[in-house]
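These two chains come separately, so use the hints to put the complex back together.
Residue numbers (this note's numbering), protein chains in the order written: chain A, 30 to 515; chain B, 757 to 1171.
Hints in this document: simulated from the structure, not taken from any laboratory.
Warning: the hint list may mix true and false statements.
As the list claims (entries may be wrong) - No farther apart than 25 Å at their CA atoms in a straight line, the calculated lysine to any residue pairs in the SDA-like style are these:
hint	chain 1	residue 1	chain 2	residue 2
1	B	Lys1129	B	His1103
2	A	Lys116	B	Thr1053
3	B	Lys1154	B	Asp1115
4	A	Lys300	B	Ser980
5	B	Lys1055	A	Asn119
6	B	Lys1075	B	Glu1009
7	A	Lys162	B	Asp885
8	A	Lys236	B	Pro867
9	A	Lys465	B	Ala949
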Amino acid sequence: MLLSPLALNRWDFDAAAHLLVRAGFGGRAEEIEKLHALGPAKAISSLVDSQPESFEPPACADPHSQDELRNQLREAVTPEQKQSVRKLLNEQFRYEMSDLTRWWVTRMVNTRAPFVEKMTLFWHGHFATSGQKVRHAYKLWRQNELLRQHGLGNFADLIKAISRDPAMMIWLDTVQSKRERPNENFAREVMELFTLGEGNYTESDVKEAARAFTGYRIDKDNQSFRFAPAQFDSGLKSFMEKTGSWNGDQIIDMIVDRPQCARFIAGKIWKFFAYETSDGKLVDALASELRNVQYDIRPFMKQVFSAQEFYGTEALNSQIKSPVQFFVQAFRTMPIALPESSVLVFAFRQMGQVPFYPPSVKGWDGGKSWINTATLAFRYKLARQLVEGIDPLEIGLPKPLAMDMSGIRPATTPALLVDEIITASDRQQPENVVEKLFVRIFQCSSKFELATSFREFLSNRSLPLGDATIRELAALMMTTPYYQVT
Amino acid sequence: MGAALSWTVPVFIQQTCTFMHAQALDSALQAGTGRDHPVLVVIQLAGGNDGLNTIIPFEDDLYFKARPTIGIPKNQVIPLDNGIGFHPSLEPMKALYESGNLAIIQGVGYPNPNRSHFRSTEIWQTASDANQILTKGWLGRYFDNCCRGEDPTVGVVLGEQLPEAFNANLPTGVAISRPGNLGFDRTSDPSEAHLFSELNGLEPDAMSGDSIGSLSGPNDSGLSALEYLQRTALDAQVSAERIKRMLRSSKNEVPYPRNQLGSSFGLIARLIAGGLPTRVYYASQGGYDTHAGQANTHKRLLSEFSAALVAFCNDLKRKGIFDRVIVLTFSEFGRRVTENANGGTDHGTAAPLFVCGGDVNPGLYGKQPALDKLDSGDPFYSIDFRSVYSTILDNWMKAPAGKILGREFPKLNFV
Chain A
30 MLLSPLALNR
40 WDFDAAAHLL
50 VRAGFGGRAE
60 EIEKLHALGP
70 AKAISSLVDS
80 QPESFEPPAC
90 ADPHSQDELR
100 NQLREAVTPE
110 QKQSVRKLLN
120 EQFRYEMSDL
130 TRWWVTRMVN
140 TRAPFVEKMT
150 LFWHGHFATS
160 GQKVRHAYKL
170 WRQNELLRQH
180 GLGNFADLIK
190 AISRDPAMMI
200 WLDTVQSKRE
210 RPNENFAREV
220 MELFTLGEGN
230 YTESDVKEAA
240 RAFTGYRIDK
250 DNQSFRFAPA
260 QFDSGLKSFM
270 EKTGSWNGDQ
280 IIDMIVDRPQ
290 CARFIAGKIW
300 KFFAYETSDG
310 KLVDALASEL
320 RNVQYDIRPF
330 MKQVFSAQEF
340 YGTEALNSQI
350 KSPVQFFVQA
360 FRTMPIALPE
370 SSVLVFAFRQ
380 MGQVPFYPPS
390 VKGWDGGKSW
400 INTATLAFRY
410 KLARQLVEGI
420 DPLEIGLPKP
430 LAMDMSGIRP
440 ATTPALLVDE
450 IITASDRQQP
460 ENVVEKLFVR
470 IFQCSSKFEL
480 ATSFREFLSN
490 RSLPLGDATI
500 RELAALMMTT
510 PYYQVT
Chain B
757 MGAALSWTVP
767 VFIQQTCTFM
777 HAQALDSALQ
787 AGTGRDHPVL
797 VVIQLAGGND
807 GLNTIIPFED
817 DLYFKARPTI
827 GIPKNQVIPL
837 DNGIGFHPSL
847 EPMKALYESG
857 NLAIIQGVGY
867 PNPNRSHFRS
877 TEIWQTASDA
887 NQILTKGWLG
897 RYFDNCCRGE
907 DPTVGVVLGE
917 QLPEAFNANL
927 PTGVAISRPG
937 NLGFDRTSDP
947 SEAHLFSELN
957 GLEPDAMSGD
967 SIGSLSGPND
977 SGLSALEYLQ
987 RTALDAQVSA
997 ERIKRMLRSS
1007 KNEVPYPRNQ
1017 LGSSFGLIAR
1027 LIAGGLPTRV
1037 YYASQGGYDT
1047 HAGQANTHKR
1057 LLSEFSAALV
1067 AFCNDLKRKG
1077 IFDRVIVLTF
1087 SEFGRRVTEN
1097 ANGGTDHGTA
1107 APLFVCGGDV
1117 NPGLYGKQPA
1127 LDKLDSGDPF
1137 YSIDFRSVYS
1147 TILDNWMKAP
1157 AGKILGREFP
1167 KLNFV
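So here's chain B without its partners, still in its complex pose (with noise of 0.2 Å):
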């Protein structure tokens, strides 16, 4: 019973601690104060949002001949430029357009698209092929490779689980469902909550300093499952008490929607203005699987969106770290150019996204699709997501996109 015998407390908290020491003093490739380094925010739009009727072909008969029901009447369409223009919905960004802060990048997708919204999150998530299953996210190959060492906190979900794009061979990440339910609960008892510290491997004392930077070590696989259950306990507790600090130390500025979305944005504004080492968030938004009676689901999702990310843009404005921010959003697909019988969309393919934030090149990026070309029913795709990555990867978070991705994609100039 050799393994079971080595439940010696004391010994396995040294060996943790020393072991943590260890990989502490060599890693930090790309240490995050929390004051300087730049910020990616990803907001997954789920269920696949129409891209038809969020930037509008308002020129092209085509789009009015395939959508009679749910196609949006020129006259309600908010113009930009080339013929397209915004859902009405999205009258708040106007004005992020017009002073140079958001990007359109249009007919993104990738090689033999998967309709299924399952499978194609997949692909989002981990930029693998249509073909290709991959295990780890690309958020989290980026961990892997730029944040080493660092601080859990270096990428946080507003939400309970970790979404796939954060699997990681290091435990990264952590999921923030409902600030006051962070980290553990502490009991009122001393001797049991000294008890519970020790049998954790937690130093109550050296939880509230900043002295903790770096505890995650590079890499697990020596780690048996004990110690591994330890470091995670560690990390969420650090990490829970950072949090909990930072919301302390911070405010909003502007008025938030009183819905998931706006406080989630509200929480994330707070966390990076407080100095969270972060530098990944992450959010999402559901209910864009618009089968039948689209134009009211999506005309109130739109609206939430567009209110949502236009406060956390003024709030991050007067905080004076806009430019430190870029928001990136995605669905896992488009929706079918043909409109249904029940006043919806089936399963489509490419579609535009948004970045977002004080620093980007702004304006239209890629081709509107063309409606005269299909793929059985689809737009073909003009722009691989993994060019989006790549680029955000490479000039943003200044990361070796190829290394990350697997390959090179060609890059854009958004940002």
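Bound-form chain A, shown alone (with noise of 0.2 Å):
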């Protein structure tokens, strides 16, 4: 069986704002009008096939950012030298991390080619590495340029990738993998977190593909990629049932040939971006088409985009706002501006998700896991602020600032920009207001009985509508169950 593809007629202004805030982040309603415009196919491709923007890097962009501070800790030589070197060096990364978010973060409100970013987002969950244990923005970002780079191409060439991947070495450990004793590490995650699924192989595999990941190294000098053939284990290995002098590529290929690859990566896939099924058989689906393409993501997610099942009652407004949704999507849609890297960073941290800071290998759990009494209550304070401004103070930011080294608390952001979306002559029809809050705010039209509450609470406003009213209106629209939700 494979996907059969949305009717024509049931592809209106609502399916494409499903479409674009699902492949993407969201956008005005001119953008969705224009994406309505194209048809299916066309809105797809314009999404699918962009390409990613070049972009000003990071500050961490330097692999010698480091060198200077660790220089400097070897040569120290009493126990308050040391610490304050160290002290130096973790200041600067905590710098490099939340200018490497926010770097990250304005990206994916700016570009042109969103689902790049979004797939990007999608592959940092599934190959979660977290600069908790490797320590250096550098390598993270690298790791964040690969996934942009390779996240659309074929499947086995981004795991091969992520192999040879400084960030994910240190992450899980294959620089400190020696002949004489492979370290497990990597060998096991990349079968149970990022190819096949617990139960799907066995231990004495681990065993053996741990001894094809060895001789895996960093070049200090450029802090990328080493092979260390005298640390390499040539012997022959038994590896899913065959047995060779297998090395880690060629172990890659024989996981990426089992069909259950196929449907492990197809599943979380459409879990992404779908929802989570467990209909075997769409799942079965699924897993054709990704094999039917070779493995080949960019015509995936194109099946996947296509696909009725996307568009059905189980997608529509099911799943639950990542925070890096919540906040990017506000900002693709509503005039306000992005904050300073610390106000980012806590924001994230209060919500439950900060970017390149996954909680375990395994990434974030999502779904319901993001919200608890603590986290919604936060997340409503934060729409308020994103409407009236952002008063780092107000949302509990903690000082002193150990992620601002100027010492200086950030400023208070401005207020939503009511006249870039609200004309002279819409401030005298309060249900032209309504709908086009509702149409930004909740990503599809405002036909929905949700919307006449809106229009109940401005009917006996005096007219024309001020700013103050209407941000009130759109603070309350945010701070609803609905908001929290695509």
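Encoded structure:
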């Protein structure tokens, strides 16, 4: 069985909006309208075929940024000296990490290829690597670029690239792996979390694969992958019932050859972009599509976004926005300014998702786990602040600011620029104001009954509607369960 | 567009309320009134507390050999029993020990110890084996098993985030970072407040009464994302109102140290006294990762800790509720026996922990780890930390420990 595409007569404004919000981070009414007018095939292609744009690199984009302090640490004699150099290293790292986070968020907000960033976000959660252990912003940035570069190509190539990625090599200990004592961490996770899922390999497969992923080292001169033949175990390995002197790439080829790999990856992609399903037939169909295109992610994603199930009742408004989606969507759909990096990182932490800091190699659980009483209360507070201007004090940013090297408290961001979205004549027509805000905020047409409540809210206000009233309405829309889902 | 069309507010609210009412009826396995049930307070000493400089084997030459610069001189140690004693910063806790309110469990750890902060914390939080990944926390599993249908404030965290130990099937647990910051911002505009309540399924009149006892249903699996969100919004609102009310009705009877841990302990005492139906409180103190220049840092941390703990105990005694409360401390690991070249210690394994309360069986439990028999530089554990959890769950919380922890662990008798 293969997937069946969405019937043309069901391609409407709301279907286009759903596509834009899931394949990207949503958009303004004009963008949705434009996508709708293209028809499904061209709309999907306009998103999926877009190429990564060039973008100014982050502050950490220098492989040698830690060199000076590392040298100082080596030369430090007394414990006090060492401690003070470590403190500087730490401060530099934290500064670079919060800058890197803001760099990526800025990219997600401003890019003309939002699908590329969304897919990068998916892979970041899939190959979840954390600064907690990697401790080098440069390497995490390189990994992020790797995911962007390879994330829409062939899946086997992506896994091979990831196996040589310095951040991953530190994260899952391949750099520590020795011929005599292979480290099993990467070998296990590459099967358990990246390709097959638990129960689809044996402990002996893990041990044998670990031997194949030896000899992976990082070149200190340029912080890139280096193969160390002396550390590689070139002996015979018996992996998944095949014996040979396998290397890491050959192991990956054998893994990707397993039908289970297609099921695992296709199911996970579907969960991220559409919804979590226990429908075995649907997963089989998705897996067949993935194999039919020889694991080429770009054509596969076109199939995903064309499928009628992608637009079905199980998909629409069923997904709780991740904190990243919550944030980026707000900035892409409304004229509000991005706060400083320390505020951004703080807000992500309060909501339970700091990019580059997944809680474990499993990534973020997502779905309902995004929401507890604390994270929801924070989302509501933040939503109101996004509209009225983010006051760091008001959202609870602690002082002193370890993140901010200057020690100056970040400024309050400007409030939502009402004039950019509501015209003078709209202010005389409350239903226009509801319509315009509703589409931006909920990413669907205001034909839904929910809009009635907001019309009533404005019904006895004096005209023309002032900025304060309009911001109040926007904040109200955003402090609802409905705003938390897409 | 069927799903989207169901964004019909009144119907949605009606369904959710019916659902919750039905859940409330068959819930409450361990309903707490807030006045009589046992309370557990968990204090995380984050970063890996140096156990060997907390409970010190001051008569063991190997201790001084391993720690020529950071070892605590014999004449400064506060002797307890069996050749071990307190770090001088724990002086305030001596009275607790002597009055029979403190149990010290020595050599607590687990097999195949992991020396990563992150992973070892996860192991302690989820009560897993070293090679096992569990997604639910040990306290979360307690909530799921014993507190279904309870008020979300069955677990309260002083801090910004719920710890992994609270991960549960249910959205259980409330985090308080600043009491002034609880729940949702109220607007002064009544029509706006009204619409906010309506859209979130909150009934403003019902909020302040005692009538709402059981809100969280037993299982979220049947809830759609929207229903789940609405229920969490209600939980947040109700618990915020309730906590504010408790805080208004209760004061601290003794001064607390003016630091984060002190104010966390102070708030916990007020919430217990106020009658919040909470079974588990959780707070943490960070900074124990003393790789370098340990002496001063550790001295300061332990002073803060002991002063706050003792204030808390005295406050509870004055309030007459000390018998209802136990405090459990833990840290993800102890530290290496031999000091490093930076006047600090690196990540280790087994370490002692404290259990403190009006109704504990005091004294020393377990063996002080032998310093002549080490596992790559670290002491072997003698008590599995899950034995401690198991004892607390079974003997103190009256909960089925074996079911919650996945298997039976030998119990101790400190409670």
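Each hint, compared with the structure:
Taking the CA atoms of lysine 1129 of chain B and histidine 1103 of chain B, the gap is about 17 Å. The hint holds against a cut of 25 Å. Taking the CA atoms of lysine 116 of chain A and threonine 1053 of chain B, the gap is about 14 Å. The hint holds against a cut of 25 Å. Between lysine 1154 of chain B and aspartate 1115 of chain B the alpha-carbon distance is near 15 Å, which keeps this suggested pair within the 25 Å criterion. For the hint pairing lysine 300 of chain A with serine 980 of chain B, the CA-to-CA distance comes to about 15 Å; that is within 25 Å, so the pair holds.
Annotation: proposed proximity of lysine 1055 of chain B to asparagine 119 of chain A holds, straight-line Cα distance about 23 Å (limit 25 Å). As the CA atoms of lysine 1075 of chain B and glutamate 1009 of chain B are separated by approximately 8 Å, the hinted pair is consistent with the 25 Å bound. Using a Cα cut-off of 25 Å, the hinted pair lysine 162 of chain A and aspartate 885 of chain B holds, with the two alpha carbons roughly 21 Å apart. Taken as a hint, the lysine 236 of chain A and proline 867 of chain B pair is honoured in the structure, with Cα atoms around 21 Å apart against an allowance of 25 Å.
Restraint check for lysine 465 of chain A and alanine 949 of chain B: satisfied, since their Cα atoms lie roughly 22 Å apart, inside the 25 Å limit.
In summary, this structure violates none of the numbered hints.
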